[in-house]
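Chains as they are written, first to last, in UniProt numbering: chain B, 1 to 543; chain S, 1 to 543.
Treat each hint with caution, since some may be false.
No copy is singled out in the list; a pair is fine if it fits within one copy or between any two copies.
[As the list claims (entries may be wrong)] With a straight-line cut-off of 25 Å between C-alpha atoms, the simulated DSS-like cross-links for lysine-lysine are:
#1 142 / 73
#2 196 / 260
#3 465 / 156
#4 196 / 262
By construction, these hints were calculated from the structure, which means they are not laboratory data.
Number of protein chains: 2
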Amino acid sequence: MAENNNKKQRVYLFDTTLRDGQQTPGVDFSVDDKIAVADMLDAFGLDYIEGGYPGANPTDTDFFAKKRTQKAKFVAFGMTKRAGVSASNDPGLAALIASNSDAVCFVAKAWDYHVRVALGCSNDENLENITQSVQATVKAGKEAYVDCEHFFDGYKANPDYAISCAKTAYDAGARWVVLCDTNGGTQPDEVRNIVKEVIAAGIDGHRLGIHAHNDTEQAVANSLAAVDAGARQIQGTLNGLGERCGNANLITLIATLALKDKWSARFETGITEEKLSELTHLSRSFDELLNRAPASQSPYVGASAFATKAGIHASALLKDPATYEHVEPDRIGNTRRVMVSDQGGKSNFLNVLARHGINVRKDDSRLDTLIAIVKEREASGYSYEGADASFELLARRTLGEVPTFFSVDSYRIGVERRHNASGQLITVSEGVVKVTVDGVQHMSVSEGHGPVNALDLALRKDLGKYQAEIQDLELVDYKVRILNGGTEAITRVLIESTDVSGKRWWTVGVSDNIIDASFIALMDSITFKLLKNRGTAGLSAAE
Amino acid sequence: MAENNNKKQRVYLFDTTLRDGQQTPGVDFSVDDKIAVADMLDAFGLDYIEGGYPGANPTDTDFFAKKRTQKAKFVAFGMTKRAGVSASNDPGLAALIASNSDAVCFVAKAWDYHVRVALGCSNDENLENITQSVQATVKAGKEAYVDCEHFFDGYKANPDYAISCAKTAYDAGARWVVLCDTNGGTQPDEVRNIVKEVIAAGIDGHRLGIHAHNDTEQAVANSLAAVDAGARQIQGTLNGLGERCGNANLITLIATLALKDKWSARFETGITEEKLSELTHLSRSFDELLNRAPASQSPYVGASAFATKAGIHASALLKDPATYEHVEPDRIGNTRRVMVSDQGGKSNFLNVLARHGINVRKDDSRLDTLIAIVKEREASGYSYEGADASFELLARRTLGEVPTFFSVDSYRIGVERRHNASGQLITVSEGVVKVTVDGVQHMSVSEGHGPVNALDLALRKDLGKYQAEIQDLELVDYKVRILNGGTEAITRVLIESTDVSGKRWWTVGVSDNIIDASFIALMDSITFKLLKNRGTAGLSAAE
Numbered sequence: 001m002a003e004n005n006n007k008k009q010r011v012y013l014f015d016t017t018l019r020d021g022q023q024t025p026g027v028d029f030s031v032d033d034k035i036a037v038a039d040m041l042d043a044f045g046l047d048y049i050e051g052g053y054p055g056a057n058p059t060d061t062d063f064f065a066k067k068r069t070q071k072a073k074f075v076a077f078g079m080t081k082r083a084g085v086s087a088s089n090d091p092g093l094a095a096l097i098a099s100n101s102d103a104v105c106f107v108a109k110a111w112d113y114h115v116r117v118a119l120g121c122s123n124d125e126n127l128e129n130i131t132q133s134v135q136a137t138v139k140a141g142k143e144a145y146v147d148c149e150h151f152f153d154g155y156k157a158n159p160d161y162a163i164s165c166a167k168t169a170y171d172a173g174a175r176w177v178v179l180c181d182t183n184g185g186t187q188p189d190e191v192r193n194i195v196k197e198v199i200a201a202g203i204d205g206h207r208l209g210i211h212a213h214n215d216t217e218q219a220v221a222n223s224l225a226a227v228d229a230g231a232r233q234i235q236g237t238l239n240g241l242g243e244r245c246g247n248a249n250l251i252t253l254i255a256t257l258a259l260k261d262k263w264s265a266r267f268e269t270g271i272t273e274e275k276l277s278e279l280t281h282l283s284r285s286f287d288e289l290l291n292r293a294p295a296s297q298s299p300y301v302g303a304s305a306f307a308t309k310a311g312i313h314a315s316a317l318l319k320d321p322a323t324y325e326h327v328e329p330d331r332i333g334n335t336r337r338v339m340v341s342d343q344g345g346k347s348n349f350l351n352v353l354a355r356h357g358i359n360v361r362k363d364d365s366r367l368d369t370l371i372a373i374v375k376e377r378e379a380s381g382y383s384y385e386g387a388d389a390s391f392e393l394l395a396r397r398t399l400g401e402v403p404t405f406f407s408v409d410s411y412r413i414g415v416e417r418r419h420n421a422s423g424q425l426i427t428v429s430e431g432v433v434k435v436t437v438d439g440v441q442h443m444s445v446s447e448g449h450g451p452v453n454a455l456d457l458a459l460r461k462d463l464g465k466y467q468a469e470i471q472d473l474e475l476v477d478y479k480v481r482i483l484n485g486g487t488e489a490i491t492r493v494l495i496e497s498t499d500v501s502g503k504r505w506w507t508v509g510v511s512d513n514i515i516d517a518s519f520i521a522l523m524d525s526i527t528f529k530l531l532k533n534r535g536t537a538g539l540s541a542a543e
Numbered sequence: 001m002a003e004n005n006n007k008k009q010r011v012y013l014f015d016t017t018l019r020d021g022q023q024t025p026g027v028d029f030s031v032d033d034k035i036a037v038a039d040m041l042d043a044f045g046l047d048y049i050e051g052g053y054p055g056a057n058p059t060d061t062d063f064f065a066k067k068r069t070q071k072a073k074f075v076a077f078g079m080t081k082r083a084g085v086s087a088s089n090d091p092g093l094a095a096l097i098a099s100n101s102d103a104v105c106f107v108a109k110a111w112d113y114h115v116r117v118a119l120g121c122s123n124d125e126n127l128e129n130i131t132q133s134v135q136a137t138v139k140a141g142k143e144a145y146v147d148c149e150h151f152f153d154g155y156k157a158n159p160d161y162a163i164s165c166a167k168t169a170y171d172a173g174a175r176w177v178v179l180c181d182t183n184g185g186t187q188p189d190e191v192r193n194i195v196k197e198v199i200a201a202g203i204d205g206h207r208l209g210i211h212a213h214n215d216t217e218q219a220v221a222n223s224l225a226a227v228d229a230g231a232r233q234i235q236g237t238l239n240g241l242g243e244r245c246g247n248a249n250l251i252t253l254i255a256t257l258a259l260k261d262k263w264s265a266r267f268e269t270g271i272t273e274e275k276l277s278e279l280t281h282l283s284r285s286f287d288e289l290l291n292r293a294p295a296s297q298s299p300y301v302g303a304s305a306f307a308t309k310a311g312i313h314a315s316a317l318l319k320d321p322a323t324y325e326h327v328e329p330d331r332i333g334n335t336r337r338v339m340v341s342d343q344g345g346k347s348n349f350l351n352v353l354a355r356h357g358i359n360v361r362k363d364d365s366r367l368d369t370l371i372a373i374v375k376e377r378e379a380s381g382y383s384y385e386g387a388d389a390s391f392e393l394l395a396r397r398t399l400g401e402v403p404t405f406f407s408v409d410s411y412r413i414g415v416e417r418r419h420n421a422s423g424q425l426i427t428v429s430e431g432v433v434k435v436t437v438d439g440v441q442h443m444s445v446s447e448g449h450g451p452v453n454a455l456d457l458a459l460r461k462d463l464g465k466y467q468a469e470i471q472d473l474e475l476v477d478y479k480v481r482i483l484n485g486g487t488e489a490i491t492r493v494l495i496e497s498t499d500v501s502g503k504r505w506w507t508v509g510v511s512d513n514i515i516d517a518s519f520i521a522l523m524d525s526i527t528f529k530l531l532k533n534r535g536t537a538g539l540s541a542a543e
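Model the full structure from these sequences, guided by the hints.
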């Protein structure tokens, strides 16, 4: 990534979003989710992708039905063989080795207390389980890694035994021996000193990894302290997902290793400059998949990470950003935001409009009107950040360019739960829409899966002379965010659409009525499609 | 706070929530907000509360109309006097000194580049401004502090000048000289080394502070590195509020300094054990004031900070929490949570059932039935980890204990968007519900904000003899998650309810119809409430 590559040491990135990240309260990946996340990670250039624990639950078993990565090593996680059975007679171990993974990452206790209490076996049996599990895996032609669980707490309680566990894994042929701060309370200096001790005990740092948790908000610092002390693999997750307070945040670590001199002068990862510039996109896409709002204050990738509203800083910032920003936002695909209601804000708007192919003069009063409308809508719950098409429509309408292709005179939705003729309890949703096109009213009715689907189907059933044009319009995603509490809450609906051209666009609707919010977003999607067909919208480079 | 107080060094906590925290995008404190936050901080035992910049804006000027703290030093923030005027002729400086504060914290440039470009004065003039501002403040009987802005970047560019700035402030009599990582990109080892250099240059560490930002997710680590190197004041904010990625999180720092041996053995703060046990409350109350949901993964104080859903961990955790938790949740007023999920094993289930006051033998076949049902439902989109009440109902039903208080024979929801008599476009939602209680059918109709609200209101309008019992039932939160794409998607609804007892419970519903999903969750909420009134549900300790 820089000129003197030869002198740099390679640090390997091991993603456990799909395994430890799955322990996050509120997170529940489906097999499709896992496939999507593995694709993102693989394309981005992560070295290792841990997919889950095949055999432990149906989702993970299905996910490991085939190999899910192209470039990254695809890793199955699981326990070492049990005490009292041989490696060849342990069905759990056999399933791990037989799974469609490139490697198996074993979790092994490294704190003698846990060996006794949780495993109920002797210290020596635990070591023997590590040896046999690693050897059986290697013999089967796969790489074996060992996560030494509770390593740091175990080291404090019994350093000799903790080191024995790591050394046993190492000697048995584990490609990576990973020191885990399972409870997350270890401080960076402790991590640094203990990693040094482990290396001094004869384990090559190039086969040593760190697995940190964020329970004292220092998972990133702990990971870097371990690298500083000689470890060469970092385990972490996208956006710091993970059990309790989360794992080390790989997004932050990727950026820091690449962009902060202290690290980039000595180390390199497998992430190219080009991929690095997609880091913000990666982080936000993952939040989208989790259907949660990206944290605006996230380091490097948050919407506020390069934002300032301080008057004194804001004007100086624009003179010379480099002295007010610790890194250039472009490097990770983020953007600078100056939140002042003056020329800075206005030129920001002009840039966004230009990106949509809309050119307007800075002193055009319609620009002030547009800014005022956007501010007012955002105050009422709209967010145009994720809804480019709705923003473009609003801008074109305010600048007086959008024809009224059709109008919806009224709609009516009914949802009924009742017993049918056979006595079964059924729920039927029906939508009726009256649309006027060129003075002619078209009335359509449709049933659907739920009220929004019924409305959608009825609305797109008969648009008169435009109907043929929207046949290829497809709604690919529908997201709902409740903006405040209670069943009378304000609802924001975000719809993603596409057509045969492959282009995707996003529209938004906000209302205290989820049907109305959906209706607004659907109308924008259809109108955008019609404009796009005419080549008068959707001109931006971004998809 | 511990036995050998005499040997411990005092670390002082300086809160800048009301000053640097106010730079957070989306945060805008009113004077009343500031008064409330200052009260919280003062009562908690913070040493210094920086309230803002009197004279810079009307809010801060009003806030400094009187002294706002009882115990903590009340600090006004502002710039040193300008070059070219004497201290006695600078109205900004005069206003700061005249404000109703105990102390003034001056921000002073410590990077020669910024002295030249942003201030437009000479390096010596900048030093002279520091000296005169500090001296004038001390002469007026107030303490003076100096925030050395851009100190670490400035030190890298010109170490002699950066140190001169700090030394000038120190020699002029500043009680605290604070080294600021203004751009937030400095790494912990750099902070440690530079703080050592500053102390070596003749500045007593007992008058040295650290002000860190979280741009590489290491504000906490940087603050602690500075303390380790000899600094004795930490500036930070509640929940890490602040410009861009935020300031150092004082909540995390307070807990870490008090509870992690590495720090508590050597240092003490002004926070008592008793106040420490209110830390979770402090953090969440502050989020309440900001009207935002507390981050569940926050270290120490988040709802997930002591939560686990891992089967293998969950069973061991309950045997001996100390070996699975880096600190006791009670110490900071937080609680342990063990959650049911796809991930959990049988002992996990038994523990969760026991926590709900449901005792069942491990070999009871109904337990296997329950586990099978939960797994099947989770596969179809249910998630019980956030829906304790629905889980308890399902468990009690499977174990055959829940009476049918009432049944809903049918419901019907209509949503209509049309022009009203005055020609305005309106959307009306109406719900009709037929309920049978003791063989008597009750039919209710209600309008609402959207279809779900209409259904909710109609459902709770007339439950016959149970109606009086549910008058205090209140729905406090309603969340929707779309589990897959398109408007025909599977929808998961999560409802949070409460009543006069203050207890809160969560229920869940899943369907391809959002109305049905909401209906299922509403039914569970009402049924749970009725059971709870009878003392036959909701027996768990956790709220």
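- Are there hints from earlier that the structure breaks, and if so, what are their numbers? 3
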